[in-house]
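Top line first, the protein sequences correspond to chains A and B.
Okay, so the first sequence: first residue is 1 according to this note's numbering, each after it adds one.
Okay, so the second sequence: first residue is 378 according to this note's numbering, each after it adds one.
Rather than coming from a laboratory, the hints here were simulated on the basis of the structure.
Some hints could be false.
Said to hold, decoys possible - Mimicking DMTMM-like on lysine to aspartate or glutamate, the simulated pairs with C-alpha atoms at most 20 Å apart in a straight line are: (1) A/K250 / A/E375; (2) A/K105 / A/E188; (3) A/K18 / B/D571; (4) A/K18 / A/E188; (5) A/K283 / A/D316; (6) A/K41 / A/E60; (7) A/K18 / B/E712; (8) A/K222 / B/E587; (9) B/K588 / B/D603.
Nothing here was measured: the structure is a model prediction, and the numbers come from that model.
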Amino acid sequence: MSEAYIVDYVRSPFTFAKKGALANVRPEALGAHVVRALLDKAGVPGDEIEDIVWACAFQEGEQGLNLGRVVGLEAGLPVTTCGMTINRWCGSALQAVQAAAGMLKMGAGDAFVAGGTECTSRVPMMGFNLLPPPGWTQEQVDAYVTVGLSAEIIAKEHNVSREEQDLFAHNSHQKALSAQRGGRFDAEIAPYDTGDGVVDKDGCIKDTSLKKMAMLKPAFLKGGTVTAATASPFTDGSAAVLVCGDDFLKRHDLRPLARIVSFAVSGCEPGKMGLGPIESSRKALKRAGMTIADMGVIEMNEAFSAQAEASRRALDIDPDILNMDGGAIALGHPLGATGARLVGKCATLLHRENKRYGLATQCMGGGMGIAMVLEAA
Amino acid sequence: MDAAARHDGPPLPALLAGDNEIAGNSEASLRDIGDGLALFEIHRKMNSFDPAVQDMLEETLARAGRGFRALILANGSDRAFSAGADLNHFLGLIERADFDGLTRFIRRGQELFQAMKYAPVPVVAAVSGVALGGGCEFALHADAIVADAGARFGLPEAKLGVLPAWGGCTQMLLRAQAQPAVSGPLAPAGAVFDLILHGWVSGSAAKAREKGFLRDGDAIVEAGGDVFAAARARAIELADGYSPPDKPLITIAGHSGWLGLMQPAYGMGYAGRLTETDLRIGGAVADVLTGGPEGEYLWRVSEDDLMRRELEALVALCRTVETRERMAHFLKTGEPLHN
């Protein structure tokens, strides 16, 4: 059986929804741009790609036409390359990587593009038509949908103070700022020409101060601790990784970034969705026969400071190896794209930092976690 | 006679001062303004609606098609097309706990506006100044609106503790559902819900058009232009071969949609940006816009079905202390109370 490898990684700049530079770009255009950039970078012909395994959390309107298929066609791939669209909310693109790897390992293809797009400017979070099961109570709807409240619950139960949340977010921005200034995003970002100019930088990173952050009012709960600064912003963006098997690597003389070692998903209380990384990471690590101490690099999504810090503590993650170039609080969180960014970043960092194993993990709305262990290849 | 000359007529001030009243009382008049056109004029403070205005509108609609071939709603005021229901009258009913009287007043408003919408003659609203609350609903039931560029439209009832119940929720939902840009089983209701929950009032006619108060066939007259003359021309244009609109069926999203509409509202409530009273009003508005608790996803209901909900919801809100406080505070201070 072939192993599954992450061969390359590309993403668009991530910019604020509505007010950002990519707000007028349609989702398939942003997705196709990233797919083309990925294949160009890797030097892989499009006609050898079995499938575009794409992710999107709100598949409505412009994002509702099986985006993966539309992205493949718009990217100029031959009609023979197939396309699908996966939904596991915030973890959709990490799931897309796993879906590609799973197909690969059962012999159903040996080269896949996995990734995702979320144009939050154009299809808002929760879509245009939020229609929960009519039998649900308001509390059930809140637990499933109102993720800001889940961050408040976790902050309280796990004693993550306002100051600690602010500090976590501030660190995320500082790390991202340092990476941006040091050109450490340049290799992963495919600049996008909107017609009004080329967008080549992330738009959400801020050189803000703890003092300014401390002045913000709670965004989700009166008297609460979670603010706009300690939540990931609404974002437009797209990301993709190339997932290939052994034969394909040999045939094209490719050097992969990482091998996929293990994977897990887990469920938890919908109202505490932010704790998702804990159990899913434990499961993925166990399946890999490892512990957190074996990890040299960890990319964990920062939906909110509160849940990321609570999960970090529960998993006993060394802050120095966590989100080394910043996380979603600074970079933004285009729901359908984030998972591919985490996997791609983790695989890239293994090489840059000369580490052997890495973990990419996320919480997901509705009370779910997802995790993948990678080994430098 | 060419078209431009035919549309010419005496200016509005001359018509309002003329000896042309067909019927009238102390609060409103029906005037014959020539060319087979009639003018319905309210002449009271902020041109608000009280039972006497309703009497005259009833009289007017009873004559539609016999005495005139098109009706224009105008009054010559730059300040107010109409500020809606007379709040003194309204609050008086509530304070006397005369909920039967309140029900009659609201139901009669609904029936009159519906009768106007489906009258055998076209109706054109010439709007200058504010068209708020019931005044906005009055204009929404016309076949066409001709608005001064500075005209302000809005349904700010929630700020007074109630909801639009003279068909405002219903007509705005119909308008939103007719817009291709806002599609899906809930999205049109969502747009209307936000406007009503937050009591949004437009700063201009152009803004009102953006939010769906004005439709494609409605006109905006630039500053300094003659709104009445444009309304007159529009009325003549519509009169030839006019037939009243078909009664529409309205697609509702049911209780699932109610949960969807209320989710962001509850979120604002938790964050302290909406009060319990706001959420109660929001819940009532969401109820109307989604067809109520027994409504089912994608059922199609009539205007009457939704307006019955508007009425029931309004009366229920008026039985609460917080609604009475909001209304009394506004009457006393001119400012909304955010209780």
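**Hints violated by the structure (numbers, ascending)** = When the structure is compared with the hints, numbers 2, 4, 6, 7, 8, 9 turn out to be violated.
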